[in-house]
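Trainee: Okay, here's what each chain looks like letter by letter:
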Amino acid sequence: MRLKIQYIRLASLSLFWFVVGYQLSMAQSDPCNLTLTGKVMDQHNGEPLPFAVVISKDGKHRASTNLDGVYRMEGLCEGTCTFVCKHLGCTPVEKTVTLNTNSAVDFYMEHSIESLDTAEIIVKKRGEEETRTEESLQGQSLERLRGRSLGKSLEEIPGVSTLNTGATISKPVIQGLHSNRIQIRNNGLRQEDQQWGQEHAPNIDPWAMERLSVVKGASSVEYGAEAVAGVVIVEPEPLPTDSAWHGALHTVGYTNGWGGQLAGKLQKGSAKIDGFGWRVQGSLQKQGDNRAPDYILTNTGLYGGNVSTGIGLNRKKYGVEAYYSYVSQTTGILRSAHIGNLTDLENAIESDRPLVVRPFSYAINNPKQKVKHHLAKVEGYYRISNLGKLKLRYGYQFNRRKEFDIRRGDRDSIPALDIKLSTQTVDAILEHYTIRRFKGKIGVNTFYQKNLNVAGTGIRPLIPNYIRQSFGVFWIERYIKGKMELEAGIRYEHQRLEIAKFDQSKTLIQQTKNFDNVAGSLGWIQHMGEDGKNTLRINLGTAFRPPNVAELYSEGLHHGAAAIEIGDSTLNTEKTLKLVAGYTFNPKTWLNIQLEGHFSYFEDFIFLEPQDEAVLTIQGAFPLFLYKQTDALVYGGDLSALFDLGKGFFFQTKPSLLFNRDLDKKDFLPFFPANRWGNNLGYQRDSLGAFKNVYFLIRTSAVTQQRFAPKEGDFTSPPDGYFLTGIELDGELPLGKDNTLTLGLSVDNLFNVRYRDYLDRLRYFADETGTNVWLRVGLKF
Amino acid sequence: MKKYALLSVGLVAMLASCSDDDVTPSEPVNEEEVITKMTVNFVPEGGGDTLKFTFEDADGPGGNDPVITKDDLKANTVYNTSIGLWSDEGEDIAEEVSEEDNEHQFFFEVTDLNATYVYDDEDGDGNPVGLKTIWTTTDASTGDFQVILRHEPNKSASGVSEGDITNAGGETDIEVVFEDVKID
Numbered sequence: 052m053r054l055k056i057q058y059i060r061l062a063s064l065s066l067f068w069f070v071v072g073y074q075l076s077m078a079q080s081d082p083c084n085l086t087l088t089g090k091v092m093d094q095h096n097g098e099p100l101p102f103a104v105v106i107s108k109d110g111k112h113r114a115s116t117n118l119d120g121v122y123r124m125e126g127l128c129e130g131t132c133t134f135v136c137k138h139l140g141c142t143p144v145e146k147t148v149t150l151n152t153n154s155a156v157d158f159y160m161e162h163s164i165e166s167l168d169t170a171e172i173i174v175k176k177r178g179e180e181e182t183r184t185e186e187s188l189q190g191q192s193l194e195r196l197r198g199r200s201l202g203k204s205l206e207e208i209p210g211v212s213t214l215n216t217g218a219t220i221s222k223p224v225i226q227g228l229h230s231n232r233i234q235i236r237n238n239g240l241r242q243e244d245q246q247w248g249q250e251h252a253p254n255i256d257p258w259a260m261e262r263l264s265v266v267k268g269a270s271s272v273e274y275g276a277e278a279v280a281g282v283v284i285v286e287p288e289p290l291p292t293d294s295a296w297h298g299a300l301h302t303v304g305y306t307n308g309w310g311g312q313l314a315g316k317l318q319k320g321s322a323k324i325d326g327f328g329w330r331v332q333g334s335l336q337k338q339g340d341n342r343a344p345d346y347i348l349t350n351t352g353l354y355g356g357n358v359s360t361g362i363g364l365n366r367k368k369y370g371v372e373a374y375y376s377y378v379s380q381t382t383g384i385l386r387s388a389h390i391g392n393l394t395d396l397e398n399a400i401e402s403d404r405p406l407v408v409r410p411f412s413y414a415i416n417n418p419k420q421k422v423k424h425h426l427a428k429v430e431g432y433y434r435i436s437n438l439g440k441l442k443l444r445y446g447y448q449f450n451r452r453k454e455f456d457i458r459r460g461d462r463d464s465i466p467a468l469d470i471k472l473s474t475q476t477v478d479a480i481l482e483h484y485t486i487r488r489f490k491g492k493i494g495v496n497t498f499y500q501k502n503l504n505v506a507g508t509g510i511r512p513l514i515p516n517y518i519r520q521s522f523g524v525f526w527i528e529r530y531i532k533g534k535m536e537l538e539a540g541i542r543y544e545h546q547r548l549e550i551a552k553f554d555q556s557k558t559l560i561q562q563t564k565n566f567d568n569v570a571g572s573l574g575w576i577q578h579m580g581e582d583g584k585n586t587l588r589i590n591l592g593t594a595f596r597p598p599n600v601a602e603l604y605s606e607g608l609h610h611g612a613a614a615i616e617i618g619d620s621t622l623n624t625e626k627t628l629k630l631v632a633g634y635t636f637n638p639k640t641w642l643n644i645q646l647e648g649h650f651s652y653f654e655d656f657i658f659l660e661p662q663d664e665a666v667l668t669i670q671g672a673f674p675l676f677l678y679k680q681t682d683a684l685v686y687g688g689d690l691s692a693l694f695d696l697g698k699g700f701f702f703q704t705k706p707s708l709l710f711n712r713d714l715d716k717k718d719f720l721p722f723f724p725a726n727r728w729g730n731n732l733g734y735q736r737d738s739l740g741a742f743k744n745v746y747f748l749i750r751t752s753a754v755t756q757q758r759f760a761p762k763e764g765d766f767t768s769p770p771d772g773y774f775l776t777g778i779e780l781d782g783e784l785p786l787g788k789d790n791t792l793t794l795g796l797s798v799d800n801l802f803n804v805r806y807r808d809y810l811d812r813l814r815y816f817a818d819e820t821g822t823n824v825w826l827r828v829g830l831k832f
Numbered sequence: 049m050k051k052y053a054l055l056s057v058g059l060v061a062m063l064a065s066c067s068d069d070d071v072t073p074s075e076p077v078n079e080e081e082v083i084t085k086m087t088v089n090f091v092p093e094g095g096g097d098t099l100k101f102t103f104e105d106a107d108g109p110g111g112n113d114p115v116i117t118k119d120d121l122k123a124n125t126v127y128n129t130s131i132g133l134w135s136d137e138g139e140d141i142a143e144e145v146s147e148e149d150n151e152h153q154f155f156f157e158v159t160d161l162n163a164t165y166v167y168d169d170e171d172g173d174g175n176p177v178g179l180k181t182i183w184t185t186t187d188a189s190t191g192d193f194q195v196i197l198r199h200e201p202n203k204s205a206s207g208v209s210e211g212d213i214t215n216a217g218g219e220t221d222i223e224v225v226f227e228d229v230k231i232d
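As given, the protein sequences belong to chains W and X, one line each in that order.
Take 52 as the starting number for the first sequence in this note's numbering and just add one per residue.
Take 49 as the starting number for the second sequence in this note's numbering and just add one per residue.
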């Protein structure tokens, strides 16, 4: 029962079980027979609060509220008794009642801490759970992943995998789709960092984040274009309101690449100003060349630094908050992946070893990427009496990406690609209070983006200069009755894209394109069973994605891919209909099952289609790829079953299946992740000797060869399947009253298995990394 | 309520007001590094007409097809051969190659042609470069003649300094085949 699952499905449900469990354990022996019932509500909007606890002051009686905020306490004796009502995030409320008949007492709770978005997520209220499936990593399950990139951390979540360029560049893949088909929401802002590129990892510092969530399902209604397969939401913890100093210092070291990370944060609330708090956070990272089982992966080091700061005033009626973060990273790209032509690529594929292997080094030479990302936001909310909560948010992002290549002459220090991307967004959202069981929100999103190629590279830019603007409005309503919630939403979005570039014959091309789209969604949540802990979720949604500039205007040689890629400026918006259904249930007290199925139909799915003819250049002939559209299906299922084996032992099994189909060509589509099956055996104890939260896990994952890949158009067949084993050991050592030392040891690829992954662009050139031993030491105060 | 609506409209307007920016690039990029033209000149020893082989792709990879020209070689002749490379803007890239001669090497492959070559130049380390070569033809024949330029090859690997590309490594900067070349 008390077993902490590795990823928290919904904090609220766990809390619910806990409360119910506790209640059951308080067996009643009192002969008294009076009943006290009532409702617990939010003081500001009268909404029922589920999972609140009412306790008699003598501690003998206890009850929790159901999903409608109603509690019922039986077996009370006549007389005067004081009851305390508690709810997470609220100040406890006491009421003294004289009982002589069955009575009713309602409690109105006031939220003592209120933050912009995050506090509400900690315990989701009715009407705020996703009707799509949502899973999160936070608290200890996130602590255990500290040091890993955002993409690698998210792999913990069923249905999420990664698209890699070597070990250091990874992008999240949700149910088979990635890049411009998912959205990453960083601090409430849509992350804009040239994500069209396969080798462009999100510029986000995982150390700045305390919660990583993945919403699986078409999410265009609320989030707009590109939220086709789902949304990754990364957010820091809410700003502190507690006046004590708090902070943490973490160090991570790992053997593969001999890398290290140092991260710290400091935060404080205010005793004088109610609701005022601030935080500063930063991290540093450096590693040298990674190592595959048989050789050094030359030029795969990286270094980076990140800082972020937030300051805010969060009160029950209103709040304002400002946030700024800066991420800077330099990443080396495997030296032997640099090729001049198809012959070089064929030589690389034929060779067992990469063609360039040098001794281990921290040096980062060309080819490499240097990326800087600034993100700033100001947001505020105001509760309008009898209406709802109005939120306003302004965001500014600036991304500078420089890519360096191996060049002739003294041009190695001149970037081959140098682009500046600035993005501004304004969002206004009104979340209205419950009106006749309806709860909902209306929002307006505006977006203004400018992309500029910096002159002086001496190489024709890969993507044109452009201005992209969009304006969207949405409306989502939810009907909540008993254990059922029904949701419907609609969005309209207009996007305008203006581009300017010189084409291959040096003629100035200027084009303006307009895209108008509508998305809709329908959702249903049904809580089942006596206590509502079995939950069915179904969501049917449409989503849209106007073609990105690379798909529209690419023209020429893509060096890394050894292919001539030609865009098509007449491409239409790609549209999707996605159905996701999830069922979470406990068939036995020792078994928890999450079952998810998803099915997406794509109209005008944009992809690179290999052509029969080759293009002759001075470097030889290159295969030609054109951006085309087809109708496609992507579907699959993810299961996670957690068995409580007793005495702290548990077993978890996570098979994940994914299929795809190009309906026009009756073939498969390229670059979808292969089927995989994870099995973990673990042991967990709340305390063991001086240690707290001791956690040990043996992790295995089996990945099959990708059979659902097109027969043609790839330079080699998908790599064989592989089986990896890892271990994790974590614990906490309390130091005095408020301080905790956290310790962690993990081993990836324990048996130093040699393997290549279909979704790694460098699979033509080298094996994946071998064994890596991680050591984590942190101090929290 | 009205004032909030006004506020949000104001913010939206603020964004919209910066929308008249211009992103037009001022001039096309001059890709001085991209080799768009290669000439291979065969000068017969003891006089005679210079024979020319050219490959020209003015707009770079993709776009219009390259233009390839060739001449017929004479049987039983010794040629002093030199390679010229240019970018679209007329930049002399052969000069860049000779400045970085230790990072470059040309390789030549002939199929069904009765012709052999030796390198006629060397870098600072005494290894061949291949901008200059000496070719000797024997009997009349017809076949293919291929020119390869490798950037950062391993010149000390076995056979490389004799012109065997097998162990050369590096990246291919040029790979051009002149098909159906005649020796008569």
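It cannot be assumed that every hint is accurate.
Stated by the list, open to error - Ranges of calculated distance between the beta carbons of each label pair, as one might list FRET restraints: (1) X/Asp-212 to W/Lys-716: 38 to 48 Å; (2) W/Ile-362 to X/Asp-70: 45 to 55 Å; (3) W/Ala-692 to X/Asp-212: 55 to 65 Å; (4) X/Lys-100 to W/Asn-623: 20 to 30 Å; (5) X/Asn-112 to W/Lys-716: 40 to 50 Å; (6) X/Asp-212 to W/Arg-805: 29 to 39 Å; (7) W/Gln-561 to X/Gly-132: 47 to 57 Å; (8) W/Lys-716 to X/Asp-97: 52 to 62 Å; (9) W/Phe-702 to X/Asp-212: 53 to 63 Å; (10) X/Asp-171 to W/Arg-409: 15 to 25 Å; (11) W/Gly-190 to X/Glu-137: 54 to 64 Å; (12) W/Phe-774 to X/Asn-112: 49 to 59 Å; (13) W/Gly-304 to X/Asn-112: 37 to 47 Å; (14) W/Glu-397 to X/Ile-116: 48 to 58 Å.
Read the hints as simulated data drawn from the structure, not as lab findings.
The structure presented is a predicted model; accordingly, all values stated were derived computationally and were not measured.
Don't be surprised by glycine CBs; every beta carbon is placed ideally from N, CA and C.
Trainee: Hint by hint, say whether it matches the structure.
Mentor: Evaluated hints:
no. : hint                               : result
1   : X/Asp-212 to W/Lys-716: 38 to 48 Å : holds, 43 Å
2   : W/Ile-362 to X/Asp-70: 45 to 55 Å  : violated, 36 Å
3   : W/Ala-692 to X/Asp-212: 55 to 65 Å : holds, 59 Å
4   : X/Lys-100 to W/Asn-623: 20 to 30 Å : violated, 49 Å
5   : X/Asn-112 to W/Lys-716: 40 to 50 Å : violated, 29 Å
6   : X/Asp-212 to W/Arg-805: 29 to 39 Å : holds, 30 Å
7   : W/Gln-561 to X/Gly-132: 47 to 57 Å : violated, 37 Å
8   : W/Lys-716 to X/Asp-97: 52 to 62 Å  : holds, 54 Å
9   : W/Phe-702 to X/Asp-212: 53 to 63 Å : holds, 58 Å
10  : X/Asp-171 to W/Arg-409: 15 to 25 Å : holds, 21 Å
11  : W/Gly-190 to X/Glu-137: 54 to 64 Å : holds, 60 Å
12  : W/Phe-774 to X/Asn-112: 49 to 59 Å : holds, 50 Å
13  : W/Gly-304 to X/Asn-112: 37 to 47 Å : violated, 55 Å
14  : W/Glu-397 to X/Ile-116: 48 to 58 Å : violated, 23 Å
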